[in-house]
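Residue numbers (numbering that gives the first Met the number 0), protein chains in the order written: chain A, 0 to 323; chain B, 0 to 323; chain C, 0 to 371; chain D, 0 to 371.
Simulated from the structure, these hints should not be mistaken for laboratory data.
Backbone N, C-alpha and C fix where the C-beta goes; we use that ideal spot for every residue, glycine too.
Honestly, I wouldn't trust all of these hints.
Part of the chain C face toward chain B, derived, beta carbon under 8 Å [what the hints assert, rightly or not]: (1) HIS119; (2) PRO328; (3) ILE333.
If you want the footprint, here are the derived chain B segments under chain C, 3+ residues with CB under 8 Å [what the hints assert, rightly or not]: (4) 56-67; (5) 82-92; (6) 116-130; (7) 292-301.
Ranges of calculated distance between the beta carbons of each label pair, as one might list FRET restraints [claimed, not checked]: (8) D:LYS282 with C:PRO273: 51 to 61 Å; (9) C:THR76 with A:PRO184: 38 to 48 Å; (10) A:LYS45 with B:LEU38: 58 to 68 Å; (11) B:ARG177 with C:GLY360: 28 to 38 Å; (12) D:ALA324 with B:ARG18: 52 to 62 Å; (13) C:LYS46 with B:THR178: 19 to 29 Å; (14) B:PRO21 with A:SER50: 56 to 66 Å; (15) A:PRO184 with D:LEU45: 40 to 50 Å; (16) D:GLU276 with A:LYS45: 15 to 25 Å; (17) A:THR19 with D:THR325: 47 to 57 Å.
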Amino acid sequence: MANLTLIQAVNDGLKVAMRTDPTVLVFGEDVGPKGGVFLATEGLTKEFGESRCFDTPLSEDGIVGAAIGMAANGLKPVCEIQFQDFIFPAFDQIVSEAAKLRYRSGGQYTAPMVIRTPYGGGIRGGLYHSQSGEAYFCHTPGLKVVIPSTPYDAKGLLLASIDDPDPVLFLEPKALYRTLKGEVPEGKYKVDLSTLRTAREGKNVTVFCYGAMVPVCMKAAEQAAEKGIECLVVDLRTLLPLDEEGVIEAAKQTGRVVVVHEAPRFCGFGGEISAIIAENAIEYMEAPIARVTGFDTPFPNTLEHHYMPDDRRVLDAIEHVWSY
Amino acid sequence: MANLTLIQAVNDGLKVAMRTDPTVLVFGEDVGPKGGVFLATEGLTKEFGESRCFDTPLSEDGIVGAAIGMAANGLKPVCEIQFQDFIFPAFDQIVSEAAKLRYRSGGQYTAPMVIRTPYGGGIRGGLYHSQSGEAYFCHTPGLKVVIPSTPYDAKGLLLASIDDPDPVLFLEPKALYRTLKGEVPEGKYKVDLSTLRTAREGKNVTVFCYGAMVPVCMKAAEQAAEKGIECLVVDLRTLLPLDEEGVIEAAKQTGRVVVVHEAPRFCGFGGEISAIIAENAIEYMEAPIARVTGFDTPFPNTLEHHYMPDDRRVLDAIEHVWSY
Amino acid sequence: MTVQEMLSVIEPDGGINGYDPKMSNEELLHCYRTMMRVRAFDDVALKLQRAGRIGFSIPNRGVEATQIGAAAALKKTDWIFPSYRDFGMALYHGVSPVDMMHNMYGNAADSAKGRQMPVHFSFRTPIQFFSISSPIGTHIIQAVGAAYAMQLRKEPHVVLSSFGDGGTSSLGFHSGLNFAAVWKSPVVFLCQNNQWAISCPSSQQTASESYAIKASAYGMPGIKVDGNDVLAVRRVVSEAVERARKGGGPTLVEAYTFRMGGHSTSDDPTRYVPKEELAKWEKKDPVANFERFLAKKKLWDPALGAKIAADSFAEIDAAAKVAEATPRPGIETIFSDVYRDVPQHIRRQGQAAFDLAHRKGDASAGDGAFPL
Amino acid sequence: MTVQEMLSVIEPDGGINGYDPKMSNEELLHCYRTMMRVRAFDDVALKLQRAGRIGFSIPNRGVEATQIGAAAALKKTDWIFPSYRDFGMALYHGVSPVDMMHNMYGNAADSAKGRQMPVHFSFRTPIQFFSISSPIGTHIIQAVGAAYAMQLRKEPHVVLSSFGDGGTSSLGFHSGLNFAAVWKSPVVFLCQNNQWAISCPSSQQTASESYAIKASAYGMPGIKVDGNDVLAVRRVVSEAVERARKGGGPTLVEAYTFRMGGHSTSDDPTRYVPKEELAKWEKKDPVANFERFLAKKKLWDPALGAKIAADSFAEIDAAAKVAEATPRPGIETIFSDVYRDVPQHIRRQGQAAFDLAHRKGDASAGDGAFPL
Ligand SMILES: Cc1ncc(C[n+]2csc(CCOP(=O)(O)OP(=O)(O)O)c2C)c(N)n1
Ligand SMILES: Cc1ncc(C[n+]2csc(CCOP(=O)(O)OP(=O)(O)O)c2C)c(N)n1
Ligand SMILES: [Mg+2]
Ligand SMILES: [Mg+2]
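Just chain A, with the same shape it has in the complex (with noise of 0.2 Å):
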């Protein structure tokens, strides 16, 4: 087991992937020679060569519509989108073309691919290095996406995600790239794509999250057991599909839901997460179902530590659907 920071061990999961699989291949801006404006991809080019590891064209369309060619005709694609706001020029291909053709090809051709792209605040990127667009594909049917909170989860369910049959876009929190360190097996390891992850027990309020948003809840859990208040924090982890019945059950045990992320709040995944449970565990309910969210703005620079959820807004939300 070694002690790596986040983005140590998606290197890592990308390396074990690439030695274990010679059809594993990685591409995108910037992830040759330089390995990465994160570093996720260092070493790769050097240890698998320019064939499997190189830097493409600026073109996302062309970086995702060249991995769907990849993945139907027998590799198995993991490529990178620099910053996930910049994803969007690849969103034909992603929702239009890499979800789509195992179902409109009748099972002939499929796209089992992955596309990693770091997500989300806190490092003063303003509108256009910060944003969290979960939402914009969780509504993508033949899609899966993934999003880890802890260097284990990120190794595990990148090895998960690069064996899935499917598309899955694996979105990275970058705020929590270099912030935490965790044990991680050495090795090939896998961490299932279909359940959610209890974070910590408690019987008061459920606390649902992912990514980066999982640290800040268990700092206001924290907080709230100081108050005598017990919080159940559920890392969402696999946002789709989503483990639906573990999520009822969760909300179940408490009565009382806070629901968290960084992307805005209209229309985001809070809502869905709010609305299985409305729909399937009401009478439960001792409390509105409450989310915390990025507010319905772009994302600003100056201000992001206002814009972003923190532990003082999370444990407001705590005491209030408690109190309630």
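With chain A held as given, fit chains B, C and D with the ligands onto it using these hints.
Same frame as chain A, but now just chains B, C and D with the ligands:
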């Protein structure tokens, strides 16, 4: 007053706008001499000339990108995307650019423009001529999203959208283009972009819907009435910004809610409606908040009548929440 | 030859001026027969569409030589990334008209399980005929990815990526040609310039002198060929295919032709196509052009032509009847193939749909217990 | 001249071989001073970034001649659609360094209200300097729309749309050049080929012989110019601007230059830029190049150069101090300008944020009651 189909009302709205405002112009694929594949722009090139209604190369990125530049420089572009399914190449321009221009420039540059596009199923269009993508756009602060369901609203909302200072995505329910007629005043009038419409009064169950689902829900409501269940049918009309107060009010009136849309359920617009109610009026709810939606699959062709919510599925849900 | 000039092979009198296509009589007649079968497919599909039996079709009159000429340059181990107008290529390589008609009907035997609109074919044998998508241009770059896999595995295969004049404005064209040139991928890009993108003429699509010249923006050879001359198209595409096979990288081929019918069976081209243009191109009919060549080689006479036409129509018509008699797909096909394994939430939705259909009494014949 | 050749004006000895730029001494010196101010801006910004005062900057060493030469070809009534590396153009036309430094700090006086990252400028006067966006290439087609408005109103204005070599692979490049050529729009496309897109060299960006040649794909003139020669850039862009002004349509100009620094202050170019390349381009320094010309005209000597350098640094440094002393934007700036009018739901969120900040005691100085 003329008795017009929905598509005629759109055509009339475009003509009125172009007659009263010389900065309004219409362009897109096949909107010129052919008059659009659904004939929404019929006669415009003839009346207003080729510089105000014209065909473009086959690039949605180009259509929307050019519209942004025009809008920033004093024109009022009303561009057409031939099918909403083909809007995704323009996703980056819409989400990253049109929606964020005012914000990121501190209000110095703006993009007041309208993107018209037919959406939804019912014409045996399969995966790529049937989609309802409203949720992809409603998660985008800075954008407005409007969907009419009657000829009167189609014209009035379109004229309000054209006069609006912000970018508006105007989704036209193609299934209703020629299936219903209604009274449409001549000349210019506007329907406010921030209020929902009560399509039917009722005190037992509230049904939220929009676009092509409005007649479906009205039919279900009639059937429910025969069974003694009176439905309050709400046509949301403007999805973003949503009349949240109105939604909460309508939900409280009955305490039993059904949300209906054609798009897939997961992370769809209906989840936001459920979440708003679960956050603001849960103590009024006497039953689960039910959703009747398209399935979480791509849109099929031969079996589209099974895929699309019909009066039977809506009625089932109404009875379910009523008898809960 | 500059990109502005256009290569033809068949001369007005049917001669080919010393060029040797190196094709057997059987190969030549296979091309001819396939063109005639495409024509028959058009006729049958139009008839079915007008009768309300199928929803939609895409006519090919005028562009048969381009499609068959290009298909004839490929081996069965190559891949085709087709556009929706390219089903002649599938016919050429041996896809059966019955399998195609199942798609037109979207029935239970359709390889796409009735999920797509008509003409959105998908086959893996006898040649890889990639699943057709409606969004224009997306497959152009996908073809490059498929070719990259061939390069990496050092396979001697080639990908044909086919699209229209309108398709050159798409994003996939730009990224596809750019990536292919940088990667030196074994791809032949076939731009079928039939001069219209629905109602949009080429003059509104691009200001460039030709479509072939667009190759220079990407650093690959571009060549313009007479798209109504099946031997010329085959010649040019074969050369590009051979170069690609030898590691020489991609080529852009512009086949200059004309769409003689509407864009689709829903379109009324008289609203926008000038009559004179139609009349002009009528004289260049690709089938008649090829017949002159075959006649000169004594491989064809009007009687043979009439017989092949009749046989083709009969074959396609019979295929339609088989498809017509095939039931609809079962309800489970709405829910399968979204992912390899059906997730919980989709399974639940499928179960509900199946139950409702049973209650309403309209579950399709053959639907038993919900099988997913 | 073919697109492969490259136009230069200033010769090694500072002569210009009979070419007359028709610029007054003051205009020439304005170009020179602006180049020096860009250099000073780079230095001050780097210092501030390393000191943790600002988050980020984009260096311009090596490309000053391209930016200033292009800016010098425009009138104040023209529009600029810049890339993030183009702030020299704003300086040239009279935007004050103080206004620019407000943006670098993202403070309350920033015209973008502290919402954007540094170097994402936006100005309406003294020239329309369109709001810079991070996504590469989106503005290239937007520029065409702005130009269309000028055409429709019959204004004699022109749009300069500027982007990098990497930008040519973007979607906006493809749609932008295509639409502009079809519409004959008054746009000059300036591709600043500094040979790198972050760490990606041109050889991985495109296989074409040059960037200028990409013009032929769209049917517009393309020309390659020595981007380290301010007079050559001004000459070529001026010709393109005049053609556009007269209704002659768009041009693609490739300015061939080299990025001497990192991509940004976060980048370490020694990981990927070969040392020999740097050494080679060091000798072509655009400022030194222009100095040789000015010296020959007796407009420059090392003492004047040193003075202008010192003055420029002092000016930019003073501007930074003003910005440094300016407070942060108020919390309401998070919520305004999403729409012209603040909708209910955003107003409620703003109110909650303001209340929380007050409770936490960290509402910014100057925040009173929530004003929206
Ligand atoms: C992205 C996208 N935009 C619009 C359409 C609608 N559409 C279908 S075919 C077509 C014209 C295509 O023209 P061309 O590429 O020349 O092919 P042709 O039909 O002439 O063979 C258009 C605009 C589409 N399918 N996809
Ligand atoms: C759509 C998009 N993809 C990726 C990025 C990340 N990125 C920022 S600058 C850059 C390189 C741009 O290179 P070039 O166009 O040559 O401009 P230069 O920086 O050399 O001036 C990249 C890849 C981005 N901003 N936008
Ligand atoms: Mg065409
Ligand atoms: Mg560059």
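Non-conforming hints, listed in increasing numerical order = none
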